[in-house]
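Engineer: Chains A and U, in that order, are what the protein sequence lines are.
Going by the numbering used here, the first sequence opens with residue 1, and the numbers climb by one from there.
Going by the numbering used here, the second sequence opens with residue 667, and the numbers climb by one from there.
These are computed hints drawn from the structure, not numbers from a lab.
Treat the hints with caution; some may be incorrect.
The calculated lysine-lysine pairs, modelled on DSSO-like cross-linking and capped at a C-alpha distance of 27 angstroms, are [as the list claims (entries may be wrong)]:
1. U:803 / U:887
2. U:727 / A:644
3. A:613 / U:727
4. A:613 / U:923
5. A:509 / U:923
6. A:130 / A:233
7. A:233 / A:252
8. A:613 / U:735
9. A:644 / U:735
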Amino acid sequence: MSRIGVFVCHCGENISATVDVEKVAQAAAGFDDVVHSVDYKYMCSDPGQTLIKQAIKEHNLTGVVVAACSPRMHEPTFRKACAEAGLNGYMCEMTNLREHCSWVHDRTEETTEKAIDLVRMLVEKVKNNKPLEPILVPITKTALVIGGGIAGIQTSLDIANCGHKVILVEKEPSIGGHMSQLSETFPTLDCSQCILTPRMVEVAQHPNIELITYAELDSLEGYIGNFKAKIRKKAKSVDHSVCTGCGDCWGKCPSKKIPSEFNAGLGSRTAIYVPFPQAVPNKPVIDKSNCNYYQKGKCKICEKFCKPGAIRFDQEDEIVEAEVGAVVVTTGFDVVKPEFFPEYGYGKYKDVITGLQFERLASASGPTLGEIRRPSDEKVPEKVVFIACAGSRDPAKGINYCSKICCMYTAKHAMLYQHKVHTGKSFVFYMDIRAAGKNYDEFVRRAIEEDKVNYIRGRVSTVYEKDGKLIVKGADTLMNGEPIEIEADMVVLASAGISNPGSEELAQKLHVSYDRYKFFAEAHPKLKPVETNTAGIFLAGACQAPKDIPETVGMASGAASKVAALFSQPELKREPLIAVVNRQMPPVFSSCVGCFLCETACPYNAIGREEIKDRNGNVIKTLARVNEGLCQGCGTCVAFCRTKSIDIQGFSNEQMYSEVMALLND
Amino acid sequence: MDNVKKRAAELLKSEAVKVVIGYTMGTNGKPRAAFIQNAEDVDSLIFNAQCVQNLAVYLSKAEIKQLGKPAIVAPLNVLRAIIQLASEMQIQENELIVLGVSPDGELIDFQNFSAIEKYLEDFNMEVDAKEKETLEKISSMSLEERWKFWNEELAECFKCYACRAACPMCYCHKCAVEQNKPQWIPVAAHRLGNLEWHIMRAMHLAGRCVNCDACHEACPKGINLNFLTKLMLNDAQEEFGYTGVTLKEGNLLSTFKTNDQENFIQ
Ligand SMILES: Cc1cc2nc3c(=O)[nH]c(=O)nc-3n(C[C@H](O)[C@H](O)[C@H](O)COP(=O)(O)OP(=O)(O)OC[C@H]3O[C@@H](n4cnc5c(N)ncnc54)[C@H](O)[C@@H]3O)c2cc1C
Ligand code: SF4
Ligand code: SF4
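Just chain A, same shape as in the assembly:
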């Protein structure tokens, strides 16, 4: 016999102003098996919870229905209260008299009648509830971090410093990401490499971090706490355990004209190369697509000059497997490519460059050793035009969003230019100046007021070349749209930040969602910014949306703390509201017939197979089995199974049925 207690909440006046709560409590008292029914102003408050606890003890309750707000809000509260009074938490159900009743109806008889019905349904449901225990899942305390930019570096260091193992996978030959390419950084103008490279070295030397460069994720299977990753190590053609990084090889490599990715195409590199002198690891790889030996079958000069004999032309890609408990995606971003700006002549005129290229010009480690010299003739430009929002906030180009960092780095670029070329003149075309952030607006004001950068509000319509000058045509919208024409020596585009080319494929491998611009999607825009919708997979940095370094680092530490929190538990506790395949006495074992159509229906790949064997180990029956770690309790399989062999615990067919019948039979 069930002994049910009903607790009707006023929710201040949220419910009681519309629903006659006393009447609801009275009506519920008359339902079969209800032995106690009361109403109270705030059930969730301490006295409210005490009311429930006492009633459980006094009336020996076997089930509790709290008629209050959304279970999303307070189900854990009331389940905990019940557990404290010795009643299994899953014997407590909530019905939502607020969102489902008082907030959506007027104060009428019918509203109260509906509230009574809602309680009636839950009373019938709770009679069919069964005590449940949380599911315990083991956790592999190693994190996989994908992408070695500042986001990946920070995440790895933070997790490793908590005492957990980290595998950091970077697709390029060196970690560092975009930050390693930057000259100086807003808003403090400290040198990017000087603050970054110590951390890169720390990563390489950290006993808890395994750094795998020149590698990519091949596949990921499993679930939170228990992922299996396959990582493809691309053939470096160099044995790094033998290589000393002396540089003899890249000094001698005859294939020298390859545009350097690190210098954003403004310099060149060899086929066997380290991307930049401060690279980590500081050992080369052979870029097969540009190597004479791999392309034409002849050369091997590097091999001849390599004293320790580290070159391995026969090296092949290798797949390594790793078990990890959490994954952090930190694959960063990219900037739009030349074909995006036919109107600005990017790609056509050598002196129309991107912001990233300007960073390389301004960088002490760049092709001009930090002097601002334009690419075409290496002259110091006397007049430079910076175009902000190049591509961003332009629905016509398919990018509706603001790239967020360009206003700031454009101010930085103009400032750096004025600092380096005292006689120079700089102009910035902008839509508006977005400089929200600590010391950010002050930084822009400094550019305008102290460094005399000319800010012009308006868009540039076209850039073309005339008599060795770049003619920039635009309009000044603060001067009634007056047309403006500037004869510039160099034009710098603050080109839009976009998602990485491979991000969609990676998202699919990881089973995480991405937005319409193919940036990785966070689980909740406000409350879960570093989580994805797949448990155990987190995000940090510009792979989620373009962002600057402070924000990236903050997010990286946030993701790391989520991982550390996960790893700090001995086992993972999960809500037991998942699907189970029924079990019956032998020789039936289960009504499941092993058709495995549910296996293909499950959107989370949570259904596997289980073999029932006799004493001699012969398989008698193969049944569906739900993986407790993977199942999200969506119920697709339940709807699908013809023999009704799967049920969701806590939402079983029987429970749902009794709710519906309570309503229909009334």
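Following the hints, position chain U with the ligands against chain A.
Structural biologist: Relative to the frame of chain A, chain U with the ligands by itself:
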């Protein structure tokens, strides 16, 4: 048919199989299923146009399974059922020898299930033209007419479940009608109970039905319950490009293609 008999005898003699499931002449002049366990008895095997029962239904029956490994005489409808059963993990290649028969009774050898799958590609599993006409007539009825039509059609049903017993795809040990916690389908053969049973049966066969008409043949009341499954088949073909049975795992309802039509969501 002589080749089939010869092969059946060989298989039984060498004990490669314990039983041959085929057709024989029944006492009422209609063919019936035969379960031949001795090589001497193979002569009673027959095959003609009246042999329409889908013998694949026996492959999952416990009584037949306990006889030992079977060989099965398999015209088109049986072959289709075998492939569908295999895709649902109900039979495995090594558990069965398939004696394929062509429409004129010649033995067809199949190396494996894939060979059967390939063979079936040449035979469209379509609802024939005359049936299609009837189906269209039903589909074009108004809601009220259709409700009346089905209620009348199904009124005769007294829930003997012969249709279920004859269907090779109804192999569940515990059918949903027997699940009573909760009782999904009313047990009684009243109007609502009948309607619910037949709707559920059709839904459970969506994308799985091999269009063999065994259910209709078995129905002692001659109810056109196969119209329901045929309507489903028609929809499956027209809406989702379903082409017939395959060994691929998952079925029409449990999988999706990115180009599936969604015009029913409005
Ligand atoms: C021109 C310019 C100037 C800027 N100036 C400033 C500034 O002054 N101050 C400031 O705060 N911010 C600045 N930024 C922004 C700064 O660059 C970013 O905030 C920062 O780089 C984001 O770091 P991240 O690690 O998220 O991404 P990234 O730096 O893009 O790093 C991502 C890393 O992941 C790797 N990767 C990508 N895909 C994969 C994969 N599938 N598998 C493995 N590895 C992968 C990449 O190779 C890379 O190493 C500037 C940006 C630009 C474009
Ligand atoms: S649980 Fe149902 S759908 Fe899944 S294999 Fe078993 S019978 Fe088939
Ligand atoms: S409830 Fe959903 S997630 Fe869980 S096994 Fe069933 S289909 Fe998969």
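Engineer: Each hint needs a verdict: does it hold in this structure or not?
Structural biologist: Evaluation of the provided hints:
| no. | hint | verdict |
| --- | --- | --- |
| 1 | U:803 / U:887 | 22 angstroms, holds |
| 2 | U:727 / A:644 | 20 angstroms, holds |
| 3 | A:613 / U:727 | 20 angstroms, holds |
| 4 | A:613 / U:923 | 36 angstroms, violated |
| 5 | A:509 / U:923 | 18 angstroms, holds |
| 6 | A:130 / A:233 | 50 angstroms, violated |
| 7 | A:233 / A:252 | 26 angstroms, holds |
| 8 | A:613 / U:735 | 20 angstroms, holds |
| 9 | A:644 / U:735 | 30 angstroms, violated |
The structure does not agree with the numbered hints 4, 6, 9 stated previously, though it agrees with the rest.
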